[in-house]
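Protein chains: 2
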Amino acid sequence: MNVFVIGLGLIGGSLALDIQHEFNEVIIYGIDTNEEHLNQALEIGIIQQKAAFSDLNNADIVIISVPVDTSLKLTPKVLDEISDNTLVMDVGSTKEDVCEIIKNHPKRRNFLATHPIAGTEFSGPKAALKNLYRGKTNIICEVEKTAFKLQEKALDIFSKIGMRIRYMDPKSHDKHIAYVSHLSHISSFMLGKTVIEKEKNERDIFDMAGSGFASTVRLAKSSPAMWAPIFEQNKTNVIETLEEYIQNLQQFKELMLQDNFAEIYQEMESTNHIKQILNGIN
Amino acid sequence: MNVFVIGLGLIGGSLALDIQHEFNEVIIYGIDTNEEHLNQALEIGIIQQKAAFSDLNNADIVIISVPVDTSLKLTPKVLDEISDNTLVMDVGSTKEDVCEIIKNHPKRRNFLATHPIAGTEFSGPKAALKNLYRGKTNIICEVEKTAFKLQEKALDIFSKIGMRIRYMDPKSHDKHIAYVSHLSHISSFMLGKTVIEKEKNERDIFDMAGSGFASTVRLAKSSPAMWAPIFEQNKTNVIETLEEYIQNLQQFKELMLQDNFAEIYQEMESTNHIKQILNGIN
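Read top to bottom, the protein sequences are chains A and B. Each number in the numbering used here corresponds to the 1-based position in the first sequence with 4 added. Each number in the numbering used here corresponds to the 1-based position in the second sequence with 4 added.
I should point out that these hints are in silico values taken from the structure, not numbers from a laboratory. Incorrect hints may appear among the rest.
Which copy? The list can't say, so a pair holds if one copy fits it or any two copies do.
What the hints assert, rightly or not - No more than 25 angstroms apart at the CA atoms, straight line, and that leaves these computed lysine to any residue pairs for SDA-like:
| hint | residue 1 | residue 2 |
| --- | --- | --- |
| 1 | K204 | R170 |
| 2 | K204 | V30 |
| 3 | K179 | Y269 |
| 4 | K149 | Q44 |
From a predicted model like this one, the values you see are computed outputs, not experimental measurements.
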């Protein structure tokens, strides 16, 4: 099985590692505009061979794991190159635009839109992890538009690397993911910014910051090259979540100004309910 | 050594466990208004004996680990009860009010204001952990107002349980901690609230939420009984941090509305600097 991974970062690299581990006789080919990443991926054993776009006609599977703006440009080009039996999967964090851009492509049935929800705040091939996807959710969009045999091929991979599948239309995906992922990243980045701006003396931050702070600002380490395009593509949904979040923060501030700490207690107590929701998440 | 712990939650309970482990011939006495917590603490081995306020004259050390509003009421009463050689330490997350309230107490020199910066989002005696404090920072305020021999006693304990000490005035403590701890809790609670409000269908949240979301809302599991009084006591500082945070979020939203994703990229890139700051935190 010839698997081509375009974009050898955390997400693509981790998929490559798991696929190699779960399948016999698989060769992973890597494509990346970053030559250093290509070489690192080869050294670490994420890929077996460097490849070019012109090699894609030999691919059984192509995984597109690049920033979501690049994916919009690459996906149609990849579909132009592949053979009739190749499965092409995009694994980006937004799904509406990529589904839209290839909806009339003659090879639409070779494409599957997926979002494996897993990751860390790190990036690049060295951030790739074995078993990153085990027990995690993969959202698949517009599954009915993919050829049945290629659906099966994809499900076989996701099942072997331990993912559970949920089907969703791209619009709903982008709306929900704005709340449970994109907003978290903004809240974290802005928290980091607020503290850095205020605390010019870093030694003071460092000494007083505990594990709670570390946990809340962890996502502020994430790659801007990955996240700026996500916010851009999911602009409408993200702005909506951001407005609701700001409104809740303002209301909290108002309650403080009114010395209404009984209501603040209530707010926190009802939000404690997040415990039950989070119980299933690592 | 007779150590009395008043308030047998995560913080007091964990201190009791470590002190027992590091010192020979220590007896831990527990005081708590919650009878169930007292019994649990006895069963788990956090304390050896239940005690009452009237026993405090036998104490070598008293640790006050209760919500910060309760601490304001309890600390002067504890100082009224103790002998001349007893060390009394409060371990709450705010320091200005407690230092103020006992400043003219005849036993002021028996008191040490401390803030061991450690914890989890859980509470109660069952949440107590061994080695919770190892490698963590302890902020000590107004050290010069504590009797020298009692300072030494306290430092010996903190050194044996693995904490590093920083000295700070109570005003500075409360100001800095608002940024690196109190604000994180509000951002987390309001993030949890925003998502719960929007996503009535919890199954959708649960399925799509990854480790990033879990990390950012972890603190929204925290105890309202502990946190509402902290926000109340540190009101001025917390409102200031909240205003700056809201302003940064609003500016981010404005940049999105203006489609200025180049600037958004820059903002995120400069906040990535938090990596270096966080490197020393677990």
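Status of each hint after checking the structure:
1. For the homomeric pair K204 and R170, the shortest alpha-carbon distance between copies (18 angstroms) is at most 25 angstroms, but the shortest distance inside one copy (45 angstroms) is not.
2. For the homomeric pair K204 and V30, neither the shortest alpha-carbon distance inside one copy (52 angstroms) nor that between copies (43 angstroms) is at most 25 angstroms.
3. Taking the shortest Cα distances, K179 and Y269 sit within 25 angstroms of each other only across copies (22 angstroms), while inside one copy they are farther apart (30 angstroms).
4. Taking CA atoms no more than 25 angstroms apart as the test, K149 paired with Q44 passes in neither setting, with 36 angstroms inside one copy and 58 angstroms between copies.
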